[in-house]
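S.K.: As a plain string of letters, each chain reads:
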Amino acid sequence: NAGVMQNPRHLVRRRGQEARLRCSPMKGHSHVYWYRQLPEEGLKFMVYLQKENIIDESGMPKERFSAEFPKEGPSILRIQQVVRGDSAAYFCASSPGSHYGYTFGSGTRLTVV
Amino acid sequence: DQQVKQNSPSLSVQEGRISILNCDYTNSMFDYFLWYKKYPAEGPTFLISISSIKDKNEDGRFTVFLNKSAKHLSLHIVPSQPGDSAVYFCAASVKAGNNRKLIWGLGTSLAVNP
Chain A
1 NAGVMQNPRH LVRRRGQEAR LRCSPMKGHS HVYWYRQLPE EGLKFMVYLQ
51 KENIIDESGM PKERFSAEFP KEGPSILRIQ QVVRGDSAAY FCASSPGSHY
101 GYTFGSGTRL TVV
Chain B
1 DQQVKQNSPS LSVQEGRISI LNCDYTNSMF DYFLWYKKYP AEGPTFLISI
51 SSIKDKNEDG RFTVFLNKSA KHLSLHIVPS QPGDSAVYFC AASVKAGNNR
101 KLIWGLGTSL AVNP
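Chains as they are written, first to last, in this note's numbering: chain A, 1 to 113; chain B, 1 to 114.
Treat the hints with care, since some could be wrong.
Stated by the list, open to error - Facing chain B, a subset of chain A residues (Cβ under 8 angstroms, in silico):
id	residue
1	Pro39
2	Glu41
3	Asn53
4	Gly105
Said to hold, decoys possible - As a list, the in silico DSS-like pairs of lysine-lysine whose alpha-carbon atoms are at most 25 angstroms apart:
id	chain 1	residue 1	chain 2	residue 2
5	B	Lys5	A	Lys51
6	A	Lys71	B	Lys5
7	B	Lys71	A	Lys51
8	B	Lys71	A	Lys62
9	B	Lys68	A	Lys71
10	A	Lys71	B	Lys56
11	A	Lys27	B	Lys5
12	A	Lys71	B	Lys54
As the list claims (entries may be wrong) - What follows is a set of in silico ranges between Cβ atoms, one per label pair, in the way DEER data are often shown:
id	chain 1	residue 1	chain 2	residue 2	range
13	B	Ser69	A	Thr111	42 to 50 angstroms
14	A	Pro70	B	Ile18	23 to 31 angstroms
15	A	Arg78	B	Ala96	37 to 45 angstroms
16	B	Asn99	A	Lys27	27 to 35 angstroms
17	A	Pro70	B	Ala111	39 to 47 angstroms
Think of the hints as simulated: they come from the structure by calculation, not from any bench. Even glycine gets a Cβ: it sits at the ideal position worked out from N, Cα and C.
Go ahead and model the full structure; you've got the sequences and the hints to work with.
M.R.: Structure follows, in structure tokens:
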């Protein structure tokens, strides 16, 4: 049973480009969470999704950021027109239900140059 | 508004001694607490948890203590090993509508010196 798979592990984008980060949850998990860790900071919640639904996006910046978790395929975190301040590690986690804890992927490190 | 606080950004301990990592919270509605460990370039991994109806949970070298009246929990690692060197995050779970929410501390970086 593979864990939470995130790809790519490293992503370099120029300012103004789009970044797409993918997350395949653990088998049987229908809840996905995205977190961001900026340099020298802790984990910051961004968005919580179930299949085809956004449950809580209170941590997501209002502009340029979007997330989806389609019926088929991985969850996607999309950042349009990236800026240097978007450089961070983005972690995805999944759980079988909205319960007490979840399993994290290894993260995608986004560098904006 | 930091509802979960880990006031020590870093901690250094000698191998074989006890490591004590602390976490304070402000929301009395938190009913479940978790500790995660994170190595550089990896995602956090679950370590140990405790329900608010308990005051202690032990798993091998790891013990978590909960003091509800003080809104304080601590993670004890004994004996500490160099492989325990990592960032430790405290998280608190609270019911939010039909779902649950995890609120995270900023982490404590533990260095265990040989």
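S.K.: Each hint needs a verdict: does it hold in this structure or not?
M.R.: Now for the hints, and whether the structure bears them out:
1. Pro39: violated (12 angstroms)
2. Glu41: Because about 7 angstroms separates Glu41 of chain A from the closest Cβ in chain B, which is inside the 8 angstroms limit, the hint holds.
3. Asn53: For Asn53 of chain A, the interface hint is violated, since the closest Cβ of chain B sits about 11 angstroms away, which is over 8 angstroms.
4. Gly105: holds (5 angstroms)
5. B:Lys5 / A:Lys51: violated (32 angstroms)
6. A:Lys71 / B:Lys5: violated (37 angstroms)
7. B:Lys71 / A:Lys51: Violated: Lys71 of chain B and Lys51 of chain A sit about 35 angstroms apart, past 25 angstroms.
8. B:Lys71 / A:Lys62: Violated, at about 33 angstroms.
9. B:Lys68 / A:Lys71: violated (41 angstroms)
10. A:Lys71 / B:Lys56: violated (41 angstroms)
11. A:Lys27 / B:Lys5: Violated - the C-alpha atoms of Lys5 of chain B and Lys27 of chain A are around 33 angstroms apart, more than 25 angstroms.
12. A:Lys71 / B:Lys54: violated (39 angstroms)
13. B:Ser69 / A:Thr111: 42 to 50 angstroms: Holds, since Ser69 of chain B and Thr111 of chain A (Cβ atoms, about 46 angstroms apart) stay within the stated range.
14. A:Pro70 / B:Ile18: 23 to 31 angstroms: With Cβ atoms ~48 angstroms apart, the hint is violated.
15. A:Arg78 / B:Ala96: 37 to 45 angstroms: violated (25 angstroms)
16. B:Asn99 / A:Lys27: 27 to 35 angstroms: For Asn99 of chain B and Lys27 of chain A the Cβ distance comes to about 21 angstroms; the hint is violated.
17. A:Pro70 / B:Ala111: 39 to 47 angstroms: For Ala111 of chain B against Pro70 of chain A, whose Cβ atoms are near 43 angstroms apart, the range 39 to 47 angstroms holds.
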